[in-house]
Amino acid sequence: MKTTNVMIVGVGGQGSLLASKLLGTLLVENGYDVKVSEVHGMSQRGGSVVTYVRFGSRVYSPVIEDGEADFIVSFEKIEAARYLNKLSKNGTIIVNTQQIDPMPVIIGAASYPENVIEEMKSKGVNVDDIDAMTLAIEAGSAKACNIVLMGRLAKYFDISKELWLEAIEKCVKPQFVEMNKKAFELGYNFDK
Amino acid sequence: MKKLLIGNAAVARGLYEGGCSFISSYPGTPSTEITEVFAKNDDVYCEWAPNEKVAMEAAFGACLNGTRSACCMKHVGLNVAADPLFTMSYTGVNAGMVICVADDPGMHSSQNEQDSRHYAIAAKIPMLEPSDSQESLDYAKLAYEISENFDTPVILKMCTRVAHSQSIVEIGERNKVSKEYEKNGAKYIMMPGNAIKRHPFVEQRTNALIEYAEKSGINRIEPGDNTHDIGIITSSTSYQYVKEVFGDTVSVLKLGMVNPLPVDMIKEFAKSVNSLFVIEELDPIIETHCKNIGVNVTGKDIFSILGEFSQKTIAKAFGFDDKYNISLDTNIPVRPPMMCAGCPHRGMYYVLAKNKLTVLGDIGCYTLGAQPPLNALDMTLCMGASVSGIHGFNKAGGEESENKTVCVIGDSTFMHSGVTGLINIAYNGSNSTVIILDNSITGMTGHQQNPTTGYNIKGDPAGKVDLESLCKSIGINSVRVVDPYNLEECENAVKEELAKNEPSVIISRRPCVLLKYVKPKKPLRVNTDKCRGCKKCMKFGCPAISFKDKHAQIDNTLCIGCGVCKQLCAFNAFESEV
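Respectively, the protein sequence lines represent chains A and B.
Using our numbering, the first residue of the first sequence is number 108, and each one after it goes up by one.
Using our numbering, the first residue of the second sequence is number -4, and each one after it goes up by one.
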């Protein structure tokens, strides 16, 4: 069985840790060999953060290299473009259309590239763009963006929605389960 | 039971299963989680020590008194603990002792890329190196057996990728072991007459460990299916990359123990293959060993000494990197980590940068003050070097330096190794101005308690160092506390203390905004009628403030209402929400 490679990219503080925990829990429960890799340390300080999730019958390397990612889930618009080189030839990139200015943009040393989604599409990249922030707020909290995006990713997986929802129950605090389930459904059912 | 664990959590579990009942550590990425996870067990003792040397000596004391112990640190922490390390090799242990050290190839969160394997060789201590979480657990457990069987501390060497990657582990049972303490001066009092008799023991032990390396199974040969008639010697995460690229098509000698290295096993392996490669991150340790025993290998001729490897590194070196690669024409601006909105360090840094002072820095979140737009730092070397360094800087530069130079150091780093530097300032009399950025936590590594916070690793009340009294008792007469959210207060303090003809300490005190007990105030907003677009607030580098349509604007999801920007604005454009 070929190893499937998923990258979760975003900005420190956006909740990629919970997203990878959810994905990891789900995949282990479903009998896959799994490796999840992320670099801690600077993650709370607004830097670019990357998590690699790899699963299959036997996974060796914990990292994903150029041209290997089957899916990139980007929590922020330009972070999708930053890691585009990792996407495999027929890979799909799920992008939250949220814009978070990096420091060089804030201080005016660089400008925020507005049209990265259009540019990716024009290069033939499979882009699934989604305004996860609006859906997360609809679910009850802006912080649920991560789960909206996991809901979106779930559409591409051969794992039933019920198993995803069970994994959510295991990964989030009881008081947030319903809100996160709603966020997941909104991402899953989002129709452009 | 199967669980998905990061390598560090697996080490914590392995130590626990191996009967460890005492851990003393100093936090440092990528090693911190070992101690944090271990502390969650109720039937063990666990602590944050002020620095790695103290931690290692405390763990030694515990093992001397019959308790299996451990200490954990990052690679540069082992430099601090090197003193006890070298002589513990001579004393050996009573109950087993494990030293966990985590290297950071690629320098994700470190000031250098040193290779800890040199320490194992230099101190003549066995070193195990796991390649995934299951091995992290197994080797941590095994380390206690080796420690007690061979009468030696054992180093468990992690690296960022193994420490912070999750893979599946099988959880086992705890094996509780304890020993009696027996007085044995010849073994434990390392004065020359005793130590001279222990040195031959160390050499004999190394020979016995080489025998173990040959036969115990910790190092193993995985024969290939002869598709490629080559052999690869590797260890740690490089092993995973080799398997990713080659699967079972090459023969692999997978090393689990990287010091001491086997001799016969390598020679036999070399004979079984047509050509032999060594794949190891950082320095050519295995490669040099092979060459020393007369085995011809290719290593750093085709693999870099620098940075982390991956499957791509290996595929490229063997000439079959043909992966698809797409990128955009648009230039994507970098997104470096930065000080958080409301970070108490920022106010003080603004004052230092505004006054164009020379600032000797230290290790922690506040190293981020080196970045634009503040550009506030001149030097960062290692833990505590700001305080020791400013003394030498000022002695060399005299009054001219003393009037325009300060150093900055965090509360935890000051406890770690800033205090001794301050003693030198007081004792040898330089008119240095030391600023302690006291955010009441060890910030960069993710909020660990330290001796100034009043809480221990479990979050229970603990002894608390009073920084003001400490500095005074060292002999610093001018000690004052300022609030870094008050720019005027900070600026006055810095100017006044620099002008004084004596050493001084300014404690810039406000807790880290990410601490749970710090309640954010309501976000501010920009009154666009008042904002003239002068961009003065942009010089402050707050991530919550950006500039759109000729005006400053505030991101109310980030702003915590600290109000420092209000003090910068000449037009009162920042307003509190009503």
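Worth double-checking, as some hints may not be accurate.
[To be verified] Straight line, CA to CA, 25 Å or less: simulated SDA-like cross-link-like pairs of lysine to any residue: (1) B:K459 x B:L510; (2) B:K511 x A:K109; (3) A:K109 x B:A312; (4) B:K(-3) x B:A34; (5) A:K250 x B:S541; (6) B:K35 x A:Q206; (7) A:K289 x A:K109; (8) B:K530 x A:Q206.
[Said to hold, decoys possible] If we take Cβ atoms under 10 Å as the criterion, some of the chain A residues that face chain B in the derived model are: (9) G119; (10) V143; (11) Y159; (12) P169; (13) V170; (14) N192; (15) K193.
It is worth saying that the hints were derived from the structure and are not from the lab.
A quick note: this is a predicted structure, and the numbers were derived from the prediction, not measured.
Just so it is clear, CB atoms sit at the ideal spot from N, CA and C, and this is done for glycine as well.
**Distance restraint between K289 of chain A and K109 of chain A, which requires alpha-carbon spacing of 25 Å or less** = Distance ~32 Å between K289 of chain A and K109 of chain A Cα, so the pair is violated.
**Item:** chain B contact restraint for G119 of chain A - C-beta distance below 10 Å
**Value:** holds, 7 Å
**Prompt:** When you check the alpha-carbon spacing of K(-3) of chain B and A34 of chain B, does it fall within 25 Å?
**Reply:** The hint holds at about 21 Å.
**Asked** Would the pair K250 of chain A and S541 of chain B pass a check requiring their Cα atoms to be no farther apart than 25 Å?
**Response** Cα-Cα ~22 Å, so holds.
**Prompt:** Given P169 of chain A was flagged as interface, is its beta-carbon under 10 Å from a beta-carbon of chain B?
**Reply:** Holds - the Cβ of P169 of chain A comes within 10 Å of chain B, reaching about 4 Å at its closest.
**Request:** Mind checking the alpha carbons of K109 of chain A and A312 of chain B for me, to see if they're no more than 25 Å apart?
**Result:** holds, 24 Å
**Prompt:** Does V170 of chain A meet its interface restraint, that is, does its C-beta lie within less than 10 Å of any C-beta in chain B?
**Reply:** holds, 5 Å
**Request:** Take the C-alpha atoms of K459 of chain B and L510 of chain B, compute the straight-line distance between them, and say whether it is at most 25 Å.
**Result:** Distance ~18 Å between K459 of chain B and L510 of chain B Cα, so the pair holds.
**Asked** Minimum Cβ distance from K193 of chain A to chain B below 10 Å?
**Response** Where the cut-off is 10 Å and the nearest Cβ of chain B is about 9 Å from K193 of chain A, the hint holds.
**K511 of chain B paired with K109 of chain A [C-alpha distance capped at 25 Å]** = Violated, at about 43 Å.
**Message:** Does N192 of chain A hold up as a contact with chain B if the rule is Cβ-Cβ below 10 Å?
**Reply:** holds, 5 Å
**Given hint V143 of chain A near chain B, where the shortest CB pair must fall under 10 Å** = Holds - the Cβ of V143 of chain A comes within 10 Å of chain B, reaching about 4 Å at its closest.
Hint violations for this structure: numbers 2, 6 and 7, all remaining hints satisfied.
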